[in-house]
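Visitor: Since chain A is already given, all that's left is putting chain B on it; use the hints.
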Amino acid sequence: VFEAVAQVLGVSDIAGETIAETLARWLSDRYLLLILDNCEHVVEAAAALCELLLPMCSRLRILATSREFLDVRGEHAIQTPSLSIPDGLALAPLSDAVQLFLARASAKAPSFRPEDADLGTVVQLCRRLDGLPLAIELAAVQLRAMSLSQLAARLHERFWRLTAGGRTGMPRQRTLEAVVTWSYDLLSEVEQQALARLAVFPDHFTLDMAEAAISAPPSTKRPSSTSFPGWSPSPSSAP
Amino acid sequence: VNAPDGLRYQLLEMLRQYGSDRLAERGDIDQIQQRLLSWATSGAEQLESVIRTPVMDDALREAAINAVTYRAAMRWAAAHGREGAALRIASMVPLTKHRGERRAEILERLTVAERTSELDDAAAGHAWAAITNLAFEQNDWPASLHASAEAAAHFEAAGLPRLAAWARYIGAISAWGEGQSAQVDRLISDVIASFRQQDDEMGLGYSLWVASVRSADLAAAKEMAAEADGLLQRVGAPMGVAHNAEGRGIIAYERGELGDAARFLTDAIGLFASYSNIGCTAHALEAAAVVISAAGREDAGRAGELLAAADDLRAQSDQGHRPWEIRARLGKLRGPLIADGADGAAARGPTQDGRSYSLSEAAALAVGALRSITRSTADDRA
Numbered sequence: 001v002f003e004a005v006a007q008v009l010g011v012s013d014i015a016g017e018t019i020a021e022t023l024a025r026w027l028s029d030r031y032l033l034l035i036l037d038n039c040e041h042v043v044e045a046a047a048a049l050c051e052l053l054l055p056m057c058s059r060l061r062i063l064a065t066s067r068e069f070l071d072v073r074g075e076h077a078i079q080t081p082s083l084s085i086p087d088g089l090a091l092a093p094l095s096d097a098v099q100l101f102l103a104r105a106s107a108k109a110p111s112f113r114p115e116d117a118d119l120g121t122v123v124q125l126c127r128r129l130d131g132l133p134l135a136i137e138l139a140a141v142q143l144r145a146m147s148l149s150q151l152a153a154r155l156h157e158r159f160w161r162l163t164a165g166g167r168t169g170m171p172r173q174r175t176l177e178a179v180v181t182w183s184y185d186l187l188s189e190v191e192q193q194a195l196a197r198l199a200v201f202p203d204h205f206t207l208d209m210a211e212a213a214i215s216a217p218p219s220t221k222r223p224s225s226t227s228f229p230g231w232s233p234s235p236s237s238a239p
Numbered sequence: 001v002n003a004p005d006g007l008r009y010q011l012l013e014m015l016r017q018y019g020s021d022r023l024a025e026r027g028d029i030d031q032i033q034q035r036l037l038s039w040a041t042s043g044a045e046q047l048e049s050v051i052r053t054p055v056m057d058d059a060l061r062e063a064a065i066n067a068v069t070y071r072a073a074m075r076w077a078a079a080h081g082r083e084g085a086a087l088r089i090a091s092m093v094p095l096t097k098h099r100g101e102r103r104a105e106i107l108e109r110l111t112v113a114e115r116t117s118e119l120d121d122a123a124a125g126h127a128w129a130a131i132t133n134l135a136f137e138q139n140d141w142p143a144s145l146h147a148s149a150e151a152a153a154h155f156e157a158a159g160l161p162r163l164a165a166w167a168r169y170i171g172a173i174s175a176w177g178e179g180q181s182a183q184v185d186r187l188i189s190d191v192i193a194s195f196r197q198q199d200d201e202m203g204l205g206y207s208l209w210v211a212s213v214r215s216a217d218l219a220a221a222k223e224m225a226a227e228a229d230g231l232l233q234r235v236g237a238p239m240g241v242a243h244n245a246e247g248r249g250i251i252a253y254e255r256g257e258l259g260d261a262a263r264f265l266t267d268a269i270g271l272f273a274s275y276s277n278i279g280c281t282a283h284a285l286e287a288a289a290v291v292i293s294a295a296g297r298e299d300a301g302r303a304g305e306l307l308a309a310a311d312d313l314r315a316q317s318d319q320g321h322r323p324w325e326i327r328a329r330l331g332k333l334r335g336p337l338i339a340d341g342a343d344g345a346a347a348r349g350p351t352q353d354g355r356s357y358s359l360s361e362a363a364a365l366a367v368g369a370l371r372s373i374t375r376s377t378a379d380d381r382a
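Listed in order, the protein sequences are those of chains A and B. Its first residue numbered 1, the first sequence is counted upward by one per residue in the working numbering. Its first residue numbered 1, the second sequence is counted upward by one per residue in the working numbering.
With the rest of the complex left out, here is chain A:
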């Protein structure tokens, strides 16, 4: 990470110094916003860079995007939720998700001319894509090759396999599947197993339910009923 940052900033190696020391000296009197995008696969190194540079470079600010917290001193985390999706159609045109979809669709598929009657389908589509900006962008591109109703129908399939992005994006961001696979591959074996097992829940779940699905080795033994919230033993006062 140090080398990558130095390269982008045009900072060269100096004999007798580590690249970290050179960077720190170079940044010490500069006003700079350093953006570290997608840190999750180098989270330890990114954290080390922040820990080293920030105390020494008072004018330096670092904006890091990451699936995981860096857990460094002074970190201020801002979670970025999915884009808003309206419950009804009245406010749909004002929602972030719908606006993004329509903007990307008109930019990438000029023949797409949405009508009022299409709004419900667009809302349904955005909801199916969980309001994820990248998913919405990739889906909107599909309108070059299919109609809105065809696209909506495909959402019942493994839609993330069907969507393909542009040529200039990073390979891991050209399809939703690639995005998820890239992220999945960063997980440890235990974490991968946990994610896979949590997929058994078709709806929301409690922490206890999650632990019950993930933790114990698969077994035919029935789990203790007290493992699950909401299931207190039969009250002794019950007749």
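Careful, some of the hints might be misleading.
[To be verified] 25 Å max Cα-Cα, derived SDA-like pairs, lysine to any residue:
1) B/Lys97 - A/Ile62
2) B/Lys97 - A/Gly88
3) B/Lys97 - A/Asp203
Just so you know, these hints were derived from the structure itself, not from any lab.
Guide: Relative to the frame of chain A, chain B by itself:
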């Protein structure tokens, strides 16, 4: 995800689909689905253990939060020949709020489980008991009566006499709805004896309430209702207390004790409304309308208004008329009430007139008039 029982978690659908594929690749999917089924059957067992106890309503509400997950487990069980497990989940967990759909689903699971010999008497009893309750809620008295008899027979065969008594209790009210008076009184007499024998205070309280509202002997009715109140208060069954308070109001009205009638009905409406029980507030409002009209004071004009409000709430609740309403004589009382006590708008009904009553508005309207009666009768006595 914020849920009624606290913070919950949910995978984005994209991640869930992806994880599901990875689960299949790992060869774990059947084992994990089996684990989910174990969780679901364990939950169904817990519900079976609290059915017809004061904690039942809370347990059902909590189970309903996981309805989608329970349904997934039930479908997996059915697809893998575990019809007995699928039936238990369908019978015990409120998988849908739509009563007709749920009733049909349980019946379908029951039929399949019978065909595949995956059925024991306890499971069959719970399935028929669930059908009994759903048919009762739909005012389908013949179906409820039939299902209650099936449930009682299976529970007896399974050695579960308390649940058999509860099935017969619902059967008694269904028989009342069917107009089979002799059968109602025979069944209620049986279940009172049965609940006494088993020390089921909640069952005894409820069945004494029905017996009191059925009884033509008003002194005995008053006594039974007082005993029911003590029992239902003690076990903590607020809806039972509310129904019984309504019954006591009706008995007091028939005894000519309008002050007591107003006081009991105030309690009933307050309880029903505080639990957002729209359908039961509706029938308590109708009882209130009768008492207010009978009091013949300046509030008499509100009687028709209350009947209109009751109709409005009843429409919102999707709940029909109950057999015990004004001891099943409400129909005869309604006409004169509307003709004598209300303006034309109330008689036409609020929906038609473009008006609507919220639960709290309707309750406040009734309680105000009833309290006025309570105060006036106290003044008269003084």
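Visitor: Would you list, in rising numerical order, the hints stated earlier that this structure does not obey?
Guide: 1
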